[in-house]
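Use the sequences and the hints to build the structure in full.
Anchor point for the sequence shown: position 46 equals 46 in our numbering, and the numbering is continuous, going up by one each time.
A couple of the hints might just be wrong.
[As the list claims (entries may be wrong)] Ranges of calculated distance between the beta carbons of each label pair, as one might list FRET restraints:
hint, residue 1, residue 2, range
1, 173, 18, 43 to 49 Å
2, 172, 269, 25 to 31 Å
3, 81, 174, 28 to 34 Å
[As the list claims (entries may be wrong)] Pairs of lysine to any residue, SDA-like flavour, derived with a Cα cap of 20 Å:
hint, residue 1, residue 2
4, 264, 235
5, 250, 221
6, 264, 287
Rather than coming from a laboratory, the hints here were simulated on the basis of the structure.
Cβ coordinates follow ideal geometry from the N, Cα and C atoms, glycine included.
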Amino acid sequence: MIAAIFAIALGVLAADQDPMTAARELYASAAYEDALAMLNRVPQTNRPADEARAVEQYRAFCLLALGRTAEAEHAIEAVVTGAPMYQPAAADVSPRVRAAFSDVRRRMLPNIIQQQYVRAKAAYDHKDFAAAASGFERVLQVMADPDVATAVTQSPLSDMRMLATDFRDLAVTAATPPPPPPAPDPVPAPAPVVVPARIYTPNDAEVVPPTIMRQELPPFPGLIPLEKQGTIEVVIDETGAVEAAVMRQKVSPGYDALAIAAAKTWRYRPASVNGVPVKFRKIITITIKPH
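Below you can see the structure in the form of structure tokens.
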């Protein structure tokens, strides 16, 4: 009799509230089945993202409390897909609920990181540098999550973290608006004649070639049956930075992109002629051997 009266009271309470608020109170009252039924009454369309996440979050809480682990994992997957950085606060849930969320996040976050990286790189390739900078920043934020601390130390995420950092910095620089042009002189001066800087090569006897300070290639992401070779041509400017890099002999589309991105981060002690730094064109041979 008491249970029936309690159920009727909860039903009256739920009828006076919106479904999400009622579901929270039913969950707090340990009425997990009733809370699930109330969550099913929340409209499925035109919901804000935060509300959609909250629905799946409380659905997972209820299912875990009822011992329906497989269904709870599906609800947690929906939460993680919409909000990869979300983890319920330790003060709000039991260690068992926290552990369930961590297990699903450890399984899903590596794939989410790679998907976010691909979207950020596509924005960078389309010269949408603001979106690219924001996307690479999200990649690095998820990589810093404790639930993927082990995964990010291993390939491919370890290589991806280095690339995401470089691309984020490049995108931030490219997205920064240029300074306003200076005020014109009262009497315009004739434009100076700009002579392109000469690019020296190993065939020029008077040049002292650049010295390598950093010239590392990324590992090949996968297996190959036979040894493959490729070449990268770089132009090293007067500061020792790589101002241009191009694949002259390709290895594979995926690896070529990684190699070019890495080449743009290389550093040298610049080439010189009579002690004056000059530009220099250098060819680097790549050899990929079977594992």
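Would the pair residue 264 and residue 235 pass a check requiring their Cα atoms to be no farther apart than 20 Å? holds, 10 Å
Look at the Cβ atoms of residue 172 and residue 269 and judge whether their distance stays inside 25 to 31 Å. Holds, since residue 172 and residue 269 (Cβ atoms, about 27 Å apart) stay within the stated range.
Assessment of proposed distance window 28 to 34 Å (beta carbons of residue 81, residue 174): Holds, at about 30 Å.
Given a hint of 43 to 49 Å, does the C-beta separation of residue 173 and residue 18 actually sit inside it? holds, 47 Å
Between residue 250 and residue 221, does the CA-CA distance stay at or below 20 Å? holds, 15 Å
Hinted pair, alpha-carbon criterion (20 Å max): residue 264, residue 287. Please report holds or violated. holds, 19 Å
The structure is consistent with each of the numbered hints, conforming to all of them.
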